[in-house]
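Trainee: Dock chain L against chain F, hints included.
As they're listed, the protein sequences go chains F and L.
Position 322, counted from 1, in the first sequence is what my numbering calls 346; the numbers after and before it change by one each time, with no gaps.
Position 182, counted from 1, in the second sequence is what my numbering calls 206; the numbers after and before it change by one each time, with no gaps.
Hints were generated in silico from the structure; no laboratory data involved.
Backbone N, C-alpha and C define an ideal beta-carbon position, used for all residues, glycine too.
Keep in mind that the hints are not guaranteed to be accurate.
Stretch-level coverage of chain F by chain L, calculated; a stretch enters the list once three of its residues show a Cβ under 8 Å from a Cβ in chain L [said to hold, decoys possible]:
#, segment
1, 128-137
2, 235-243
DMTMM-like cross-link-like pairs, simulated, lysine to aspartate or glutamate; straight-line CA separation at most 20 Å [as the list claims (entries may be wrong)]:
#, chain 1, residue 1, chain 2, residue 2
3, L, K115, F, D366
4, L, K115, F, D122
5, F, K458, F, E359
6, L, K458, L, E446
7, L, K36, F, D151
8, F, K115, L, D151
9, F, K191, F, E127
10, L, K286, L, E222
11, L, K286, L, D262
12, F, K36, L, D151
13, F, K36, F, E359
14, F, K191, F, D330
15, L, K143, F, E37
16, L, K115, F, E127
17, F, K36, F, D406
18, L, K458, L, D366
19, F, K143, L, E37
20, F, K215, F, E257
21, L, K191, L, D122
22, L, K115, L, E166
23, F, K115, L, D125
24, F, K458, F, E399
25, F, K115, L, E127
2 protein chains.
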Amino acid sequence: MRLSRAFLPTLKETPAEAQIASHRLMLRAGLVRQTSAGIYAWLPLGLRALRRIEQIVREEQDRAGAQEMLMPTIQPAELWRESGRYDDYGKEMLRIRDRHDREMLYGPTNEEMVTDIFKAYARSYRDLPRILYHIQWKFRDEVRPRFGVMRGREFLMKDAYSFDLDKEGAIRSYRAMMLAYMRTFQRMGLKAVPMAAETGPIGGDLSHEFIILAETGESAVFYDAGFETLDWEHSDYDYDDPEDLARFAALLTSMYAATDEKHDPAAWEKVPTERRREGRGIEVGHIFYFGTKYSAAMGLALAGPDGRPVAPEMGSYGIGVSRLVGAIIEANHDEAGIKWPDPVAPWPAAILNLKRGDAACDALCERLYAALGGEAVYDDRDERAGVKFADADLMGFPWQAIVGPRGAASGRVELKRRATGERQEVSLEDAVAKIRG
Amino acid sequence: MRLSRAFLPTLKETPAEAQIASHRLMLRAGLVRQTSAGIYAWLPLGLRALRRIEQIVREEQDRAGAQEMLMPTIQPAELWRESGRYDDYGKEMLRIRDRHDREMLYGPTNEEMVTDIFKAYARSYRDLPRILYHIQWKFRDEVRPRFGVMRGREFLMKDAYSFDLDKEGAIRSYRAMMLAYMRTFQRMGLKAVPMAAETGPIGGDLSHEFIILAETGESAVFYDAGFETLDWEHSDYDYDDPEDLARFAALLTSMYAATDEKHDPAAWEKVPTERRREGRGIEVGHIFYFGTKYSAAMGLALAGPDGRPVAPEMGSYGIGVSRLVGAIIEANHDEAGIKWPDPVAPWPAAILNLKRGDAACDALCERLYAALGGEAVYDDRDERAGVKFADADLMGFPWQAIVGPRGAASGRVELKRRATGERQEVSLEDAVAKIRG
Numbered sequence: 025m026r027l028s029r030a031f032l033p034t035l036k037e038t039p040a041e042a043q044i045a046s047h048r049l050m051l052r053a054g055l056v057r058q059t060s061a062g063i064y065a066w067l068p069l070g071l072r073a074l075r076r077i078e079q080i081v082r083e084e085q086d087r088a089g090a091q092e093m094l095m096p097t098i099q100p101a102e103l104w105r106e107s108g109r110y111d112d113y114g115k116e117m118l119r120i121r122d123r124h125d126r127e128m129l130y131g132p133t134n135e136e137m138v139t140d141i142f143k144a145y146a147r148s149y150r151d152l153p154r155i156l157y158h159i160q161w162k163f164r165d166e167v168r169p170r171f172g173v174m175r176g177r178e179f180l181m182k183d184a185y186s187f188d189l190d191k192e193g194a195i196r197s198y199r200a201m202m203l204a205y206m207r208t209f210q211r212m213g214l215k216a217v218p219m220a221a222e223t224g225p226i227g228g229d230l231s232h233e234f235i236i237l238a239e240t241g242e243s244a245v246f247y248d249a250g251f252e253t254l255d256w257e258h259s260d261y262d263y264d265d266p267e268d269l270a271r272f273a274a275l276l277t278s279m280y281a282a283t284d285e286k287h288d289p290a291a292w293e294k295v296p297t298e299r300r301r302e303g304r305g306i307e308v309g310h311i312f313y314f315g316t317k318y319s320a321a322m323g324l325a326l327a328g329p330d331g332r333p334v335a336p337e338m339g340s341y342g343i344g345v346s347r348l349v350g351a352i353i354e355a356n357h358d359e360a361g362i363k364w365p366d367p368v369a370p371w372p373a374a375i376l377n378l379k380r381g382d383a384a385c386d387a388l389c390e391r392l393y394a395a396l397g398g399e400a401v402y403d404d405r406d407e408r409a410g411v412k413f414a415d416a417d418l419m420g421f422p423w424q425a426i427v428g429p430r431g432a433a434s435g436r437v438e439l440k441r442r443a444t445g446e447r448q449e450v451s452l453e454d455a456v457a458k459i460r461g
Numbered sequence: 025m026r027l028s029r030a031f032l033p034t035l036k037e038t039p040a041e042a043q044i045a046s047h048r049l050m051l052r053a054g055l056v057r058q059t060s061a062g063i064y065a066w067l068p069l070g071l072r073a074l075r076r077i078e079q080i081v082r083e084e085q086d087r088a089g090a091q092e093m094l095m096p097t098i099q100p101a102e103l104w105r106e107s108g109r110y111d112d113y114g115k116e117m118l119r120i121r122d123r124h125d126r127e128m129l130y131g132p133t134n135e136e137m138v139t140d141i142f143k144a145y146a147r148s149y150r151d152l153p154r155i156l157y158h159i160q161w162k163f164r165d166e167v168r169p170r171f172g173v174m175r176g177r178e179f180l181m182k183d184a185y186s187f188d189l190d191k192e193g194a195i196r197s198y199r200a201m202m203l204a205y206m207r208t209f210q211r212m213g214l215k216a217v218p219m220a221a222e223t224g225p226i227g228g229d230l231s232h233e234f235i236i237l238a239e240t241g242e243s244a245v246f247y248d249a250g251f252e253t254l255d256w257e258h259s260d261y262d263y264d265d266p267e268d269l270a271r272f273a274a275l276l277t278s279m280y281a282a283t284d285e286k287h288d289p290a291a292w293e294k295v296p297t298e299r300r301r302e303g304r305g306i307e308v309g310h311i312f313y314f315g316t317k318y319s320a321a322m323g324l325a326l327a328g329p330d331g332r333p334v335a336p337e338m339g340s341y342g343i344g345v346s347r348l349v350g351a352i353i354e355a356n357h358d359e360a361g362i363k364w365p366d367p368v369a370p371w372p373a374a375i376l377n378l379k380r381g382d383a384a385c386d387a388l389c390e391r392l393y394a395a396l397g398g399e400a401v402y403d404d405r406d407e408r409a410g411v412k413f414a415d416a417d418l419m420g421f422p423w424q425a426i427v428g429p430r431g432a433a434s435g436r437v438e439l440k441r442r443a444t445g446e447r448q449e450v451s452l453e454d455a456v457a458k459i460r461g
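So that you can see chain F by itself, here it is in the shape it has in the complex (with noise of 0.2 Å):
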């Protein structure tokens, strides 16, 4: 992408609205713009970013045996009536009547449209177990929306359903979901605690939030310190067996990690004073098991393998993708900017043309865009040196590829590591080979 073709625009000023420094920088960096309050268009930037998230998210729920579907933003009122929840759930419910004045609403969560599908469907036994996800836009319709995106109304959500036959294999399904959660925020960069948490309004009587440690973050957290340097392969552990699963789902709950409306001051005391740990952190995931309330509530019932009906057991699976990019962003920035981890990055480097019109620059800025495919962004404006460095400081590619005339009347780029800062002086092939990884 040519800068002087693009729209990624960046900001100067600060924008006085924005508390915390993901929301900050997702403004100044050209990364979203608020339409309403809470709701955000996503520029180039910025829906770039999010796209690499969101793949990482579908690719791991693939790799669980997830299958991915895709339910509508706009559901009817009767279906919440069935579950029970359509008085329940209060004024973060958006609300819509439609031309024909039938009760509508903009889902905040599928339990339920994914139940009623489901039993559309499934005839027996051999119907389970199965998981179905979605990616869709949610709506929560926050009293007082703010952080930006990370405490948004319209915001991207990734949901898994799971029915099982029986409460052994809704934990296992459970347990393949905790191991497919850690794996994704893994590969992202981020270390993630999974917490015993409340199941609030979905219900049920087991459930974990995932949680990044950020001192920005809404909840309170405990935990024990072995956290900080678990050490696990996801190669270890097969989907396919029960076992590993439980293993997995062992390591990680064998230590003590609660948020505060779950925590524990007994179960506390026990964990050795210098391993207890008191922060904050940023939920970006939420797994909860909670048996038949949806499927006995909404009539669906399978032929068990005896023949007599049976109504599956259930778990539902959360994890905020859009809200993943600001805690993406609270985990990696300085006071210049975002430093995107490579597996996220909307582009993985910037060509800087220090000096546009001078034959040599030009000539192996044009070479060195070429050799990536354009899969860079190439900053050829007319603009000074400097507005160049802080708008790429700014945008946090992993690498920059700078080309002043003195490097590139011999061919030289000088290479920057954003997350370090780190410069050497290299060849084209060599700056090409270390962008590509």
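Mentor: Just chain L, lined up with the frame of chain F:
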């Protein structure tokens, strides 16, 4: 995807409400399920087709120099008051009040919002030209939704918006989108005809609809037979060359083609009788040039080359992405089911194991499935061969790899091409090569 574990349900009965082939087949093959009138959930099979279609649309927008962003579904009413369309739009607009009683709406289109966003960042003529697009769910509260996803209420649309310094530039952008559209539909195996069209609520004085000829189409159309044999190569036209774009536009607009709303009997009389074609068609795209209608109304003015403010000339360009799934099926089906064109097929092949439990059949199927990298539907269900044949025909995978005991004993696969019914006995290696294309 192993069918024994997949959520790929099919229906034996033809749903009574489906009046046209695509609607009937989308329900029977398990592509979608209606969740409210005119609102559909996309099941895994349908979602995969939708995503492939979406990706072709995206690639051709990118190739034409358009830049992807993503605007939210919920918009503030004030924006539409600025343009004057809030009251004009009527009951098709889904109007919403949030918990603070603010007037919102579910976006049916985005001229106002994109103009407002562009205005926030663009400063001068150097920020022109730009084409921005997004692929997002829209809502139009149709009084009588019908024909499945062809006239649904919640639908996926690609909408692009061009900003140019002057009319000449705007016409160039308009022509670039004409080329991108024709290439988009061509890649999907569709023959689209651009027809002069009414501008309707978008406004402006130049507009074309892109129509796929189909008996079940909602629009009556009149066109020159020359469109049936029109031959053109995308590679003959360069998006950066205004003369190429003018030449392409001339090719498309030199022959008569109009929907009944714009039909001109006087011009029609000049078409030689033997070249006059009347029929019906499905609108899959619509492009508009409307000058400064929105930029002027919403105060978008940039510093021109002479320093004086100028309102950019704009156009907008829509493709009905979810509707295309229906249109492609209308053009590619028979009594038995869908016949997916290769570029948009959810999976390239189904592997039909005719005798599950037979060691040779099971082994050959597993080898073939592995050789295709899991990128096939493997029908490993405990079902009769007839059920497997019928489901594969219904779901419409371009290839069927049929494995029975006789062939399996000698390592042979019967490969059936769904589109033509042609069958051949081949080795596993040849089957993989043909399926991979």
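Trainee: Taking the hints in turn, state whether each one holds.
Mentor: Evaluated hints:
1. Chain L is given as covering the segment 128-137 of chain F, and this holds because 3 residues of the stretch bring a CB closer than 8 Å to a CB of that chain, at least three being needed.
2. Check result for the segment 235-243 of chain F against chain L: violated, 0 residues qualifying (beta carbon to beta carbon below 8 Å, three or more required).
3. Distance restraint check for L:K115 and F:D366: the Cα-Cα separation of roughly 47 Å exceeds the 20 Å cut-off, and the hinted pair is therefore not satisfied.
4. Taking the CA atoms of L:K115 and F:D122, the gap is near 9 Å; set against the 20 Å cutoff, the hint holds.
5. Straight-line distance between C-alpha atoms of F:K458 and F:E359 comes to about 25 Å, which puts the hinted pair past the 20 Å bound.
6. The straight-line distance between the Cα atoms of L:K458 and L:E446 is roughly 13 Å, inside the 20 Å bound, and the hint therefore holds.
7. For the proposed pair L:K36 and F:D151, the alpha carbon gap of about 17 Å is at most 20 Å, so the pair holds.
8. Of the pairs offered as hints, the one joining F:K115 and L:D151 is violated, with about 42 Å between alpha carbons and a cut-off of 20 Å exceeded.
9. Of the supplied pair hints, the one linking F:K191 and F:E127 is violated, its CA atoms being roughly 35 Å apart against a limit of 20 Å.
10. For the suggested pair L:K286 and L:E222, the alpha carbons sit about 6 Å apart, so the restraint of at most 20 Å is met.
11. Of the supplied pair hints, the one linking L:K286 and L:D262 is violated, its CA atoms being roughly 30 Å apart against a limit of 20 Å.
12. At most 20 Å may separate the alpha-carbon atoms for a hinted pair to count; F:K36 and L:D151 meet this at roughly 17 Å.
13. This hinted pair checks out: F:K36 and F:E359 have alpha carbons roughly 13 Å apart, not beyond 20 Å.
14. At roughly 17 Å between alpha-carbon atoms, F:K191 and F:D330 fall within 20 Å of each other, so this suggested pair holds.
15. For the proposed pair L:K143 and F:E37, the alpha carbon gap of about 17 Å is at most 20 Å, so the pair holds.
16. Distance hint between L:K115 and F:E127 is fulfilled; the C-alpha atoms sit about 16 Å from each other, no more than 20 Å.
17. Taking the CA atoms of F:K36 and F:D406, the gap is about 17 Å. The hint holds against a cut of 20 Å.
18. Between L:K458 and L:D366, the direct Cα distance comes to roughly 12 Å. Compliance with the 20 Å bound is thereby established for this hinted pair.
19. In summary, the hint linking F:K143 to L:E37 is supported, as the alpha carbons are separated by about 17 Å, within the 20 Å threshold.
20. At most 20 Å may separate the alpha-carbon atoms for a hinted pair to count; F:K215 and F:E257 meet this at roughly 14 Å.
21. Restraint check for L:K191 and L:D122: not satisfied, since their Cα atoms lie roughly 40 Å apart, outside the 20 Å limit.
22. Proximity of L:K115 to L:E166 is assessed by CA-CA distance (about 8 Å); at most 20 Å being required, the pair is judged to hold.
23. With a C-alpha separation of about 11 Å, the suggested pairing of F:K115 with L:D125 holds against the 20 Å cut-off.
24. Restraint check for F:K458 and F:E399: satisfied, since their Cα atoms lie roughly 14 Å apart, inside the 20 Å limit.
25. For the hint linking F:K115 to L:E127, the alpha-carbon distance of about 16 Å falls within 20 Å, and the restraint holds.
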